[in-house]
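Line order of the protein sequences matches chains A and B. 1 is the number of the first residue of the first sequence in our numbering; add one for each residue after it. 1001 is the number of the first residue of the second sequence in our numbering; add one for each residue after it.
Any given hint could be a false lead.
What the hints assert, rightly or not - Not everything, but these chain A residues come out facing chain B in the computed CB check (under 7 Å):
1) M1
2) K2
3) H9
4) L12
5) W13
6) L16
7) L19
8) A20
9) L21
10) L24
11) I28
No wet-lab data here; the hints were simulated from the structure. Note that the structure is a prediction, hence the values are computed from the model and not measured. Glycine included, each C-beta is placed from N, C-alpha and C at the ideal position.
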Amino acid sequence: MKRAHRTAHLALWVVLGPLALALLWISIAQRPPAPADSATAATHPVSAETRAGKKNATTPNAAPAAGASDQPATSSEDGR
Amino acid sequence: MTDTYTSVQWNPFKKSYDRVLLLGVLGYLVLFVVGGKLLHPGGEHFDEPVLLIRALGTCAFLLLHIALAIGPLARLDRRWLPLLYNRRHLGVTTCVLGLLHSALTTLFYGGFGVKSPLAALLGGYDGGGTLSGFPFEVLGFGALSVMFLLAATSHDFWLANLGASTWKAIHMAVYPAYALLVGHVALGALQSERHPALAGLVGLGALTLTVLHLAAAFAERRRDGQMTTRPAADGWIDAAAAADVPDGRALAVRAAGGERIAIFRQGERLWAVQSVCAHQGGPLAEGRLTDGCITCPWHGYQYQPEDGRSPPPFTERIPTHELRVVDGRVHVRAEPLPPGTARDSALHSCSESRS
């Protein structure tokens, strides 16, 4: 490799390696406590994707404004 | 190198490499889905699409780790070099798996709704300012975009048109893409999948890659320091004793602030060329003379030592350096000659010089 690429390679890993590890550490440390129904929390495949009401795996995205659609809004994740 | 255009120059090694790769990927996907069904029989949240989404995502992430580990491993130990030869195939396969993971996720979780699937998947951050609610899909989308760009430009057609330096600079974007993927996994799957082994594996992967890349980078810096010499006022470097240059191989030197120079010896003849392959910047000084040509250890590109040109009909060129032998010692001019320049005094007899 050219000298410039060797230098860039070193600089990238000096920054990105610790950054990735720190991000992983913080994301685990700040993880909210598991729901009381731990069996569901541990195995639920869409809980991450649907948390905070962001996703809707059933109808699947956010409910439309009233009257905008006759598609029923649902909070159930199991109706897909 | 190609004479006439061939999209992929297949050879037995390349075919075996790809066969193992394909079988490995298919085996992993089948094992993941079938294993998931067997471990969670009747589990409604372990249906095939979800398992396949997870299998594709984890397979792509695992392959990216392997692809990123090959480079530093080959720098630290030459025995890993054969894996480097087709590393791009690993990268392209990673991108294809990532695209399938992304497409399936987008349709499964975001399809058939009021919003467009992409808007449903990427929009609407409502995490209350916490990391846990961060839209991790955006990180995955960013990484996939980079991976797609790299896969699309991975062919030698782009390498030849962009130039090795620009191509290499673009393809270093795979490192930020990896960091984005760690964020995607940490803020996505690891928020709901709480088994410590999963977080441990992701951490171990990131730590291993970081240590390997830093170790390889610092080893290169150390080598640079050991081979660096300050040129004399007339621009010549006293590189080494001619007898110390291994026959059929090279000895590397470097002028402070310059690129590495490879001094090759065949019998009593000596040549000096810049130690950077025109293809992907491979370390020519670590190659050998094969059939009278300098052969790059990375992908086998060849150059005539006399003028730094690839043997006809190939057209690659590398810079050459003037070389002389004085009292049995090899001197090279620090300043390179333009790529492909033949030197009048490229050939020297060590025995004559020593006498």
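Results of checking the hints against the structure:
1. Nearest Cβ of chain B to the Cβ of M1 (chain A): about 4 Å, under the 7 Å cut. The hint holds.
2. The beta carbon of K2 (chain A) comes within 5 Å of a beta carbon in chain B, closer than 7 Å, and the hint placing it at the interface holds.
3. Using the Cβ-Cβ criterion of 7 Å, the hint placing H9 (chain A) at the interface with chain B is satisfied: the shortest such distance is roughly 6 Å.
4. Hint on L12 (chain A) holds. Least Cβ distance to chain B is approximately 5 Å, under the 7 Å limit.
5. Because the beta carbon of W13 (chain A) sits about 4 Å from the nearest beta carbon in chain B, less than 7 Å, this interface hint is met.
6. For L16 (chain A), the suggested interface contact is upheld, since its CB lies about 5 Å from the closest CB of chain B, less than 7 Å.
7. Because the closest C-beta pair between L19 (chain A) and chain B is about 6 Å apart, less than 7 Å, the hint holds.
8. The interface hint given for A20 (chain A) holds, since its Cβ lies 4 Å from the closest Cβ of chain B, which is under the 7 Å cut-off.
9. Evaluation of the L21 (chain A) hint against chain B yields a held restraint, the C-beta minimum of about 5 Å falling below 7 Å.
10. Here the hint on L24 (chain A) is kept, as its CB sits about 5 Å from the closest CB of chain B, short of 7 Å.
11. For I28 (chain A), the suggested interface contact is upheld, since its CB lies about 5 Å from the closest CB of chain B, less than 7 Å.
Hint compliance for this structure: no hint is broken.
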